[in-house]
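If you read the protein sequences in the order shown, they are chains P and V.
Add 1 to the 1-based position in the first sequence for the working numbering, that's all there is to it.
Add 9 to the 1-based position in the second sequence for the working numbering, that's all there is to it.
Source of the hints: derived by calculation from the structure; they are not laboratory data.
Careful: at least some of the hints might be erroneous.
[Claimed, not checked] Keeping only pairs whose Cα atoms sit at most 20 Å apart, straight-line, the calculated DMTMM-like set for lysine to aspartate or glutamate is:
(1) V:Lys-123 - V:Glu-198
(2) P:Lys-313 - P:Glu-192
(3) P:Lys-451 - P:Asp-85
(4) P:Lys-354 - V:Glu-141
(5) P:Lys-451 - V:Glu-141
(6) P:Lys-313 - P:Glu-435
[Said to hold, decoys possible] To give a feel for the contact side, a few chain P residues facing chain V, derived at Cβ under 7 Å:
(7) Arg-228
(8) Val-230
(9) Ala-347
(10) Gly-352
(11) Cys-366
(12) Thr-412
(13) Gly-424
(14) Met-430
Yeah, the Cβ is synthetic: ideal placement off N, Cα and C, and Gly gets one too.
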Amino acid sequence: MAGIAAYGAYVPRYRLGPDTADWNSRVERAVANFDEDSVTMAVAAGIDCLSGRDRHAIDGIVFASTTAPYAEKQCASIVAAALDLRQDIFATDVSNVLRAGTNAIKSALDAVSAGSAKEVLVVVADSRQGPPRGETERASGDGAAAFVIAADGTIAESRGSHSITDNMLDHWRSPGDPFVRSWEDRFATEEGIERIVPDAVNGYFQRAGVVPSEVAKVALYAPDSRRHVRLARQLGFTEEQTESSMFGTVGNSGAAFVPMLLVSALESASPGDLLLAVSYGDGSDVLGFEATAAIMTAQRPAMGLTGWVDAKQSLGNYETYARWRDVWTLDDTSRRPSAASPSVSALWREGDKNVRLYGARCRACGYVQYPAQRVCVECRARDDHEPVRLSDKAGELFTYSMDYIAGAVDTPLVVAVVDFDGGGRVLCMMTDRELEEVRVGMPVEMSFRKLRVVNGIHNYYWKAIPRRTPAPVVVAA
Amino acid sequence: MSGIRDRVAVVGMGCTRFGERWDASAADLMVEAAYEAYEDSGLDADDIQAAWLGTVSSFRTGQPLAEALKLDYIPITRVENACATATDAFRNACYAVAAGVYDIVLAMGVEKLKDSGFSGLAIAAGPGSDVEPPTPPPSQFAMAATRYFHHYDIDYDDGKRTLAQIASKNHHNGTLNSKAHFQREVSEEQIINAPMIAWPLGLYDCCGVSDGAAAAIITTPEIARTLRDDYILVKGLGLAVGAFGVLRNDWDFTHFPETVRASQAAYEEAGITEPRAEIDMAMVHDCFTITELIIMEDLGFSPRGQASADVADGAFSLEGDLPVNTDGGLKCFGHPIGASGIRMIYEVYKQMQGKAGGRQLQKADLGITHNLGGRPGSFTCSVAVFGRPD
């Protein structure tokens, strides 16, 4: 029976909240750093989900988001490469609708049930932006979730689904517009979510032969906290049955909202628990899952939603956020020449180095070096090395500078030399850092980030971040 | 291998005023430097049989030198080796004379940096994947400073004080040099409290970005003797190119092996065994204050980890036992990249001739120049040793 075999999540480090000057709201929300987007957050959630698993067992990937960086160019393939997945796998992007996350999970369940794939990785991420100072900006949040959908080794089996499709123009965003637009609030509530979602949930109950009291937890979409409570009540769920909404911690993470709540529900589920995921957007998907006995013993994600929510840092002021989102444009023209377009052929040639973050271990002498060299830096053996994935290795900061000239958005830019456990050294940028914590010897890990967009090309690479995940367990030989 | 020692001589030199030369093109600067060298040597364009033009970004070929000086269809080669460019143009010119192919040649270094519109360097890399972190030179050398302080357990305040002493010394020397880009005293406190450029390096830890040109006329000792008594002799030339950078997991960022290797080669050629005791002056590549500090150890002037104490004692000031960057260095003479190496030779030449004015050293018999091109971990380093004829 198809179901969820593993789950993971990602929440960016930074929060707008009570400690943020000029934010003018007591409500906390998660904000992606300037170098994060839906692709990078999907990678981070994927890493969380795949910790301890064989990445090469994954034979399909679905990326879901309403904020894919490219209009033409698959994002699932970027995520697959960054996660160092196999190349002989099926990949697809699901986009354009708030329920893209549950669309993706349902497609993966169908693929596995039909036998066309054995282990499908679903990554869902969103970073929706509202106009400055508006309600959407206040209530939104950035984050991601990931699941391995498989036939075997499930911790939660599918208990069927029900979908409604309804052409509903209550929220929309056209190409080129950075902001989500919406029609009058009361119309969207009354004729949108509060009409459609009950139809979908009741349809599921009838189809699955389930009554509301049998549900242990419901991961329910709603645009804000008030309507979340109201909708749950309307559907007949008690407060205890309703998975805590992340309003006030993360915010409404769009297509990733329901998947993230599902992660949260899985984190505390017991065998036999019935979990519902209920999304909204041009209709609604209702997905049912029943936790299996394996949920008690299965490998847990490195951080999980709870871990990421707690590993947070308050952003000092709204201005920083505004700069990150390009709401404020900076004049940096007098500092450096404008960046030239990256060479696409060079990017292609260096994919293993840049996206998979492969170093190499010399087969002759064992020396680990980054990037891979045709002639070994230690013993000069020629063309005799094997790849070493450095993206998931813990590292330490060997030395650094804090450059007030080179970085425009993230001044000062911390340029880092990182030494990895097991060998290998990389010169890279550091992000998600508070200046006070940067020191020689600090524990760091790598995070997939967007360096810049030039010529419409989103140039991704890895940066060092202060280590947020627990140190890897070292098994004594 | 017979080496270069005593086989070539410098008989004429010129150097422009360095600085923001809004008034001058690269060609203008070359004319200024070349005609000073002609006048100094008593030679002219008709005597030059071949030339080497060092420039990092101002020209692509040697042809602009022919055009500026109206040279007569002679062979000219453009040399580019990052910040070691000028010394390497000089080195190639020396070898051509030593080989006996030419009698009299010209080595020219020039850079016109201030037409870019940017206050720092604006040299673009070629097309690539562009994932390397933006590391303008301050950032690269700041990483060496961070690690040096950590390695020797030097706290921030003490480290900044040492660096300030280096900058302050070079600023003082610059006041005695009418061709220097910066000619004013700056106190240690000003230096320490200046705005950060790349932590821990502040504004005054960084050298000037300047326009300028410098030229040397090179010949055989036999011909030199017929032209003047106070020519100088090349005693040794070392060039070492680093290949490892951060590829090596064990490089410490607190020493630059390229300087060690290039200086060992040059010392050996020149017969120097105790550099601190034998050398009278050194013009070194102080692109940043931390660079000068580390160079003092790499050149064998101070034991490892001890350069700070020598700096504090004033060992490298004009009154010290081994004056360093008597002309203000890159810090204050300025750094037109492709010209700097020959500018250093110009100072050694003037000191040996007793023409260094207010900064004249009492003893100036053996001098070295030192250029570091590239970035920590993968430098091109050039060291040249000069002496007087016996």
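Each hint tested on the structure:
Our distance criterion of 20 Å between C-alpha atoms is broken by Lys-123 of chain V and Glu-198 of chain V, whose separation comes to about 29 Å. About 37 Å separates the Cα atoms of Lys-313 of chain P and Glu-192 of chain P, which puts this hinted pair outside 20 Å; it is violated. The straight-line distance between the Cα atoms of Lys-451 of chain P and Asp-85 of chain P is roughly 17 Å, inside the 20 Å bound, and the hint therefore holds. With a CA separation close to 11 Å, the supplied pair Lys-354 of chain P and Glu-141 of chain V stays within the 20 Å bound.
Pair hint Lys-451 of chain P plus Glu-141 of chain V holds up; C-alpha atoms about 12 Å apart against a cutoff of 20 Å. Restraint check for Lys-313 of chain P and Glu-435 of chain P: satisfied, since their Cα atoms lie roughly 12 Å apart, inside the 20 Å limit. Interface hint status for Arg-228 of chain P: violated, as the beta-carbon distance to the closest one in chain V is roughly 43 Å, over 7 Å. The closest approach between the C-beta of Val-230 of chain P and any C-beta of chain V is roughly 46 Å, which is over the 7 Å cut-off, so the hint fails.
Because the smallest distance between the Cβ of Ala-347 of chain P and any Cβ of chain V comes to about 4 Å, under 7 Å, the interface hint for this residue holds. Look at Gly-352 of chain P: its Cβ only gets to about 9 Å from chain V, farther than 7 Å, so that hint breaks. Because the beta carbon of Cys-366 of chain P sits about 13 Å from the nearest beta carbon in chain V, more than 7 Å, this interface hint is broken. For the restraint placing Thr-412 of chain P at the interface with chain V, the shortest Cβ-Cβ distance is roughly 10 Å, beyond the 7 Å limit, so the hint is violated.
Taken as an interface hint, Gly-424 of chain P checks out: its beta carbon lies about 6 Å from the nearest beta carbon of chain V, inside 7 Å. Restraint check, Met-430 of chain P versus chain V: the minimum CB separation of about 4 Å is within 7 Å; hint holds.
When the structure is compared with the earlier hints, violations turn up for hints 1, 2, 7, 8, 10, 11 and 12 and for no others.
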